[in-house]
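Trainee: Chain residues, written in single-letter form:
Number of protein chains: 2
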Amino acid sequence: MAQAYWQSGTTAPATFSLFFRSYPPDRSYFVFAGLADVLEYLERFRFTGGDIEGLRSLGKFDGEFLNYLAKLRFTGSVRAMREGSLFFVNEPVIEVTAPVIEAQIVETFLLNQVNVQSVLATKASRVVYAARGRSVVDFAARRTHGTEAADRFARASYMVGFSGTSNVLAGAIYGIPTFGTMAHSFITCFESEAESFRAYASSFPDSSTFLVDSYDTIHGTRNAIEVAREMRQRGHRLQAIRLDSGDLLSLSRKARVLLDGAGLDDVQLFASGGLDEFELDALLRAGAPIDGFGVGTKVGVSADAPWTDCAYKLVEYAGQPVLKLSSGKMTLAGSKQVYRCRDETGDYLRDVIACAGEKAPQEDGEPLLHEVMRNGKRLGPQPTLQELREHFAQGFAHLPECHKSLRSPAPYRVEVSAGLERLQKQATQKVREKELGE
Amino acid sequence: MAQAYWQSGTTAPATFSLFFRSYPPDRSYFVFAGLADVLEYLERFRFTGGDIEGLRSLGKFDGEFLNYLAKLRFTGSVRAMREGSLFFVNEPVIEVTAPVIEAQIVETFLLNQVNVQSVLATKASRVVYAARGRSVVDFAARRTHGTEAADRFARASYMVGFSGTSNVLAGAIYGIPTFGTMAHSFITCFESEAESFRAYASSFPDSSTFLVDSYDTIHGTRNAIEVAREMRQRGHRLQAIRLDSGDLLSLSRKARVLLDGAGLDDVQLFASGGLDEFELDALLRAGAPIDGFGVGTKVGVSADAPWTDCAYKLVEYAGQPVLKLSSGKMTLAGSKQVYRCRDETGDYLRDVIACAGEKAPQEDGEPLLHEVMRNGKRLGPQPTLQELREHFAQGFAHLPECHKSLRSPAPYRVEVSAGLERLQKQATQKVREKELGE
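Protein sequences, first through last, are from chains Z and P.
Position one of the first sequence corresponds to residue 454 (our numbering), numbered consecutively onward.
Position one of the second sequence corresponds to residue 454 (our numbering), numbered consecutively onward.
Hints are computed from structural coordinates only; laboratory data are not their basis.
Quick caveat: nothing in here was measured; it's all calculated off a predicted structure.
Take the hints with a grain of salt, since some may be wrong.
The list cannot tell twin chains apart, which means a pair is met if one copy fits it or any two copies do.
[Stated by the list, open to error] DSSO-like mimics (lysine-lysine), calculated; alpha carbons at most 30 Å apart, straight line:
hint : residue 1 : residue 2
1    : K707      : K782
2    : K878      : K830
3    : K707      : K887
4    : K707      : K830
5    : K524      : K513
Excised from the complex, chain Z in its bound form:
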C-alpha cells in the first residue's frame, strides 16, 4: 500500500481515528490502555538496513521506494485520551495526523497494542469491581498469549486496581509490587506436605502463603495450622493459605472455622484456580470469607471477550473529510473531539463526539483528546503507572453503577454533536453522489 501511495504521489497529510465499533457481550465501557507503547513506537519508528534488505529480497518493491522507506520517520502529531480513561463505542481514543504513508504504515501496531491492552484492562477492571475491595493479584503469565501479553496484562491490571503480579519481570519493568506463591510441585517434592510448608516458612518467615489443596484442602489446612503455630512460637506469622481447587465457597468457610478455632484469625484466605469476575461475584455474594484472589487463565486472555471490533480509519485526507460506507462499518468523518459531560456530583452523564474545532456541548464538557505528540516527538513525560492508576480510579468512581453490571450493563449515552452530524451528512452525500451516482 505504501508503495502505491508513494508511486502515485498520494502523500498529503491525513488524519486517522482509532475507535471501537461495538461492545463485546456484557460490556458497556472500555478502559483505554496502550498509549505508552504507541508513542514509544512512533518515536522510534524506522526501517533498519536489515529490514530494507529483507524487503528488497521479496522482489516486490521498487528500489527508489525502498530508499525512501529507509529514511522514513514518523513526523506527525497524535491526539489521544489519557491511558486509564473510560471510553465508549465510536469515540476516537487516538487521532493520528501525518503524511498519509506515515500514518498508514503504523496502523497494524497501533491497532494491535490498543486493542489487546484495552481488552485486558477492561477485563481486569471488571474483576476489581467484582472483588469489592478485596485484593486481586495477577497470576496470568502462564496463560496470556505470549510473554509480551503477560507483561502488558500485568501493567494494565495494576492500572485498574490489582494489588500486584506474580510476573517478576513485569514487576521490574513497570514497578509493580510482586507476589510469590508456591506451586503444587514444590509441595510434592518433599517427604510430606507439612515438611514443604516448614521449608517455605524457613525461607520466608513473614511472607509465606501455603497452598493447601495438593492432597486434600482440609487436611492441608490442618497441616498449615500446625506449621503456623510453630512459626508463631518463633515470633513469626503465616500470612495466608491458598485454596486452588474444589468448592471454594464451602472449603473457604471450613478453612476459616479451622483457622479461627486455632487462634489464627490473622491468617488470610487466598483463593485461585480458573477464577474470573463472574466466579468472584458469586463467591462474595454467597459470603465466602476470602480475603484475596489470584486470577489468571480466563482473565489474562479476557476469555469471554478476547477481541473487539477496533478500527483505525482515514477520516480526513488533504484537508477534506472522508469516510467509507461499507455495510455495518460506517466511520465518522473528520478530525474529532470527545466531550464528557457530568452531573453536579461529577458522575458521568453522557459523552458527545464532536468535530475537532467544535465547542463543548455544555459549558463544563471536558475534552478528552489532548495533543501528546507533535512533529514526531512526545510533548511531555509519560505519566507514571501510579498516576494512571489514580486517574482510572477517579474516573471509574464516577461511572454510574448501572454501566458496571457484570451481566447486560446499561449502555452509556454517546451522542454525535450537531456539527459532526452535519459534516457526516455532507460527506456521506458527497460520496454517494460521486461513487454511486445517487
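Start from chain Z and add chain P according to the hints.
Mentor: Only chain P this time, still in chain Z's reference frame:
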C-alpha cells in the same frame, strides 16, 4: 520457590510433564506448537547482572541464593513430541528432567509458549479444514494479543496449511510467503474508487487484489472490472477482488456473475471480515464461489477457545514417582511415553500413555516423545517450518474425519497402559496413606 528449594537442600533431579487436561468446546485434538521457542529459551536461560540486581532490590532474597542464581543454567534433558503433531488430553507433549530448581523455574515460559502456540495452531487447523483446499491467509496481526502473538500465529498457521501471512515481519523471520492487500483508507484517499484501483494496479500490475466494499460491493466490483479490463489491454491481469463486509454468500455470487460476464473468469474472489471456521464452513456448504479467505480477528485469538487447561506438573522427584490429588486436577505419576496405534491404512486408532520404559502396547505403536535436548544442549538441528508443515499434513490426513468435525467432534481414544495404571495406583495409595492416613 526456588529460594526455598535451595535453602532446604531440595535440589535432586525432577521430571515435569507438560500436558493439557481437557478440551475446549468443539475440540477433540490439539496441534502441538511452541517447542522451537522452548528449546531456544532453555539453551539461552540465564539471569543477567541486571536481573540479579533487580531481584536484590526487592529485599526478599538471600545474597548467596542470588549468587547461585547468577550462575544458574539449564543443564537438563527434554523429551518432546515433534511440533505439528496432533495430541490429545493427558498426553505429555514435553517432559523436562533436570535438577528441580532448573526444571521448576522455566515453568511459566514453557506453559505460556506451548499453550498459546498450540491453541493458535489448533484453531488455524480448523480453518484450513473448513476451507476445503481453498487458500487461507493470516490477516490477524491487528488483533492478536501483542506482536509476539502475531508472529507466533503467522508461524503456527503456516505450519497447519495457511498459504501465507500479511505480517511482513513474520514472513521475514520464518520464511513464510507474504500477501499484501489494500485497506479502505487507501481507497478513500483517492478522488474515486476507480482511481485508487488504477494507482494500485500501476504499482502492482500482476499482483493486485482490489478491495471492493468501501462504498458498495457491487459498484466496487464494476469499478474493479473497468480497471481490470484496462490492465488486460496492457497485458496484465487482476489477481482478485476482495469482499470484506455484508452478506458474503449473496455478494460473492453476484460478483462472480459480473466478473464472468465481463470475461474475467480468471479474476479470483477473496473474502475477509471477521471470518472463522464456522463461517467459512457455512459459506462453502452453501456454495459461495469464493477462492480464498483472509482470516484475522476471531482466529488470531482463537475466540471460541482462547485458553486451555494446560499444566506442567512434577511427576518424579529423586527417582520416585509423585503426584497431587487436588480435586479435578489429578496428574499421572512418573516419566511417560505416548504410543500412537494405527490401522492398516495408517489411520489413527488410539493412543496409549505408558511409563517411559514400558514397551509399546502393540508392535507397531509409534513412540511420540523423543529426546531433543541433553545436558542443556539441543540434540539436532531445528526442523524447518516446511518440514513441520508436511509433518502436520501427514498426521492430519490420518486422523479420522469424526474427530475433525467443527461442532462436537467425537473424542479420540486415549488409554493408560497397564504399567502406568499400576504405578498410578501405587503412587496414589502411598500418598493417601502418608498424607491422609488412609
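Trainee: The structure should be examined with respect to each hint, and the outcome stated for every one.
Mentor: Hint by hint, here is what the structure shows:
no., hint, result
1, K707 / K782, "between (53 Å within a copy, 21 Å between copies)"
2, K878 / K830, "neither (35 Å within a copy, 66 Å between copies)"
3, K707 / K887, "between (73 Å within a copy, 23 Å between copies)"
4, K707 / K830, "neither (58 Å within a copy, 49 Å between copies)"
5, K524 / K513, "within (19 Å within a copy, 48 Å between copies)"
Hints 2, 4 from the earlier list are contradicted by this structure; the remaining hints agree with it.
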